[in-house]
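Student: These are the residues of each chain, in order.
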Amino acid sequence: MPSTDEIYKWVAEVLKQQFHFRDADLRPQASLIDDLDLDSIDAIDLTVRLEEKTGLAFKEEDLKAIHTIQDVVDFLHARL
Amino acid sequence: MMRRLERGYRILGTGVSFAIFGIWGVGLGWFVCPLIRRVARSREAGEVRVQRVVHHTFRAFVRVMMGFGLLEANIRGAERLCKPDALLIVANHPTLIDFVLLGSLTPQLACVVKKEAWSNVFMRGVVNSAGYIPNDLGDDLVDACSDQIRRGRRLILFPEGTRSPKGGLGPFRRGAAHVALSAGLPIHPVLIRCEPPALMRGQKWYNVPETKMIFTIEVCEALDLQPLVDDCEPRGAAARKISGALRDFYAERLQTLPV
Numbered sequence: 000m001p002s003t004d005e006i007y008k009w010v011a012e013v014l015k016q017q018f019h020f021r022d023a024d025l026r027p028q029a030s031l032i033d034d035l036d037l038d039s040i041d042a043i044d045l046t047v048r049l050e051e052k053t054g055l056a057f058k059e060e061d062l063k064a065i066h067t068i069q070d071v072v073d074f075l076h077a078r079l
Numbered sequence: 000m001m002r003r004l005e006r007g008y009r010i011l012g013t014g015v016s017f018a019i020f021g022i023w024g025v026g027l028g029w030f031v032c033p034l035i036r037r038v039a040r041s042r043e044a045g046e047v048r049v050q051r052v053v054h055h056t057f058r059a060f061v062r063v064m065m066g067f068g069l070l071e072a073n074i075r076g077a078e079r080l081c082k083p084d085a086l087l088i089v090a091n092h093p094t095l096i097d098f099v100l101l102g103s104l105t106p107q108l109a110c111v112v113k114k115e116a117w118s119n120v121f122m123r124g125v126v127n128s129a130g131y132i133p134n135d136l137g138d139d140l141v142d143a144c145s146d147q148i149r150r151g152r153r154l155i156l157f158p159e160g161t162r163s164p165k166g167g168l169g170p171f172r173r174g175a176a177h178v179a180l181s182a183g184l185p186i187h188p189v190l191i192r193c194e195p196p197a198l199m200r201g202q203k204w205y206n207v208p209e210t211k212m213i214f215t216i217e218v219c220e221a222l223d224l225q226p227l228v229d230d231c232e233p234r235g236a237a238a239r240k241i242s243g244a245l246r247d248f249y250a251e252r253l254q255t256l257p258v
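The listed protein sequences correspond, in order, to chains A and B.
According to numbering that gives the first Met the number 0, the first sequence is numbered sequentially starting from 0.
According to numbering that gives the first Met the number 0, the second sequence is numbered sequentially starting from 0.
Because the hints were derived from the structure by calculation, they are not lab data.
Hints may contain errors.
[To be verified] Here are the computed lysine to any residue pairs in the SDA-like style, where the Cα-Cα straight-line distance is at most 20 Å: (1) Lys240(B) x Lys52(A); (2) Lys114(B) x Asp146(B); (3) Lys240(B) x Val13(A); (4) Lys15(A) x Glu251(B); (5) Lys8(A) x Val47(A); (6) Lys240(B) x Gln69(A); (7) Lys165(B) x Glu251(B); (8) Lys240(B) x Asp22(A); (9) Lys113(B) x Pro164(B); (10) Lys52(A) x Glu232(B); (11) Lys240(B) x Asp33(A).
None of the values given here were measured: they were computed from a predicted structure.
Bound conformation, chain B alone (with noise of 0.2 Å):
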């Protein structure tokens, strides 16, 4: 019975904590990005004004759901996100919430975004004032990401395209691999878990877990991945040597991380 009325506070904890977040992100959009962008000295300076504003609110949106109960956040190396040199960051991708998370722990942070949040409501107005990418700029995608590395600019993608399938790891798309190519970069990868797994793909925001989240995120130091590659070796083969890298890394480190 009680763990009934636990998980039915939790429900409404989650309901109230994204309308809180839905109400903010048109808040942002609507109201606080465009002033920023009229006051910036430039489209670029906006942009990473933008993106500072909705970190600090990715940390409050933490602390509303902690304040619920809702999860609990045990963070390792955290301090490596901020390091100039931390542009190209690459996180597995269980939850709905990892952006956010992820967000939370650095105050800039770019990412590509699903095109079809330029037509959300909630999300268009900041992500466009952000200079999120959308995802359907097709074989300009690494070109666009690379940019924005070179600026100096750090940069989160999510190999698997999508949320994990539950309990595993998808398959890894190339693209993080080549943008660490042509940015000449190495990769900083973060490790996420969530248990009990929650928010996966397809599932509904109010089918909570028996208990609360506890998700683990591990920043591990910098892989060069670099020299796997030989410098005449052509990009699709030498893309496809680091994700299958990039990717094996994960599967071994995700067995082994404490929950």
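Next up, chain A with everything else stripped away, as it sits in the complex (with noise of 0.2 Å):
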């Protein structure tokens, strides 16, 4: 099972190869929203490469509860 700190940086290259953020962008803490400023289309963009990466399949309901890069990343976790 991977750690937090890898499946981190699974997110961080997604977000990276998605929208073009750099490292300096992204932390933990940083809200989608908010600091990354993404929209709903982004969402999906985001939701659909996560799901392809791990296999998961996320429902509109688990992403209402996901704000920060760290919500997606501990939402993978406990399901990896």
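Dock chain one against chain two, each of which comes alone in its own frame, and use the hints as you go.
Tutor: Have a look at this one:
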């Protein structure tokens, strides 16, 4: 089972590839909306990429509790 | 003293103009639009016809406001709005009546409207019959906008999503960029400036400025921002590039737009 550090690296890599963020833009407590300015289309793209990478299926209600990068990491860690 | 009287006259004129607009809106929504829908051969044909009626209404309203001495409009490049390939129009949004001014320049113009309009007694009849797009479609909004354009319908988007902050330009949302990418079309930017600033966000209609509003509207040549992005670039990154470039364009050109 991957560690939270490994999962954080995956998630950061996806964010950099999808949205061209730099490492300096990303930190665990960064808010997906307020700090990274992700909109609804970005949320879909991020979800699709994470699903492809992990094989997990995200439900809409899962996404409501996810606000920060750390929330994404914790969500994936609990299910992998 | 004279200036106070003159400003008082413009407050009165603004109130009367808006009252006329509201009454027209109700009249259109309750009587004209249902009639158009009934006789149109299809829903789509009805929507286009309603948009044409809205255009003529807006033209009349602008003339009323001009007649009252409330505003003056200096417009450049208006003919570009009527070109067949000018389908994705983008504008900054300094005042309450920007859409009215732009709608008065072209016979067909669809737009995204706040969902509250569908429950507003003055607007709901028209927004529904004109086929305007509600802003609460979430991630379906881009598809709805692209669909309009693919059907050859001219669409205006305000990337700031709301009226500009006083004296400036708000942050740009990426909806217009996504629509441009999805539809594969250039953006036709319109610059709007109002001096002195008036009808701004949070401002009451009766807070008219010391002098009449002078609008400068410039319809620019099409901007093809697609070369900024690579074919294989993820759409999130592509939309950010396009939106950033678009905002830079506006920030630069608005500074030099003559009043």
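Student: All the hints need checking, so say for each whether the structure fits it.
Tutor: Hint check:
| no. | hint | in the structure |
| --- | --- | --- |
| 1 | Lys240(B) x Lys52(A) | violated, 25 Å |
| 2 | Lys114(B) x Asp146(B) | holds, 19 Å |
| 3 | Lys240(B) x Val13(A) | holds, 18 Å |
| 4 | Lys15(A) x Glu251(B) | violated, 29 Å |
| 5 | Lys8(A) x Val47(A) | holds, 17 Å |
| 6 | Lys240(B) x Gln69(A) | violated, 26 Å |
| 7 | Lys165(B) x Glu251(B) | holds, 17 Å |
| 8 | Lys240(B) x Asp22(A) | holds, 18 Å |
| 9 | Lys113(B) x Pro164(B) | holds, 18 Å |
| 10 | Lys52(A) x Glu232(B) | holds, 18 Å |
| 11 | Lys240(B) x Asp33(A) | holds, 19 Å |
Checked against the numbered hints given earlier, this structure breaks hints 1, 4, 6; the rest are met.
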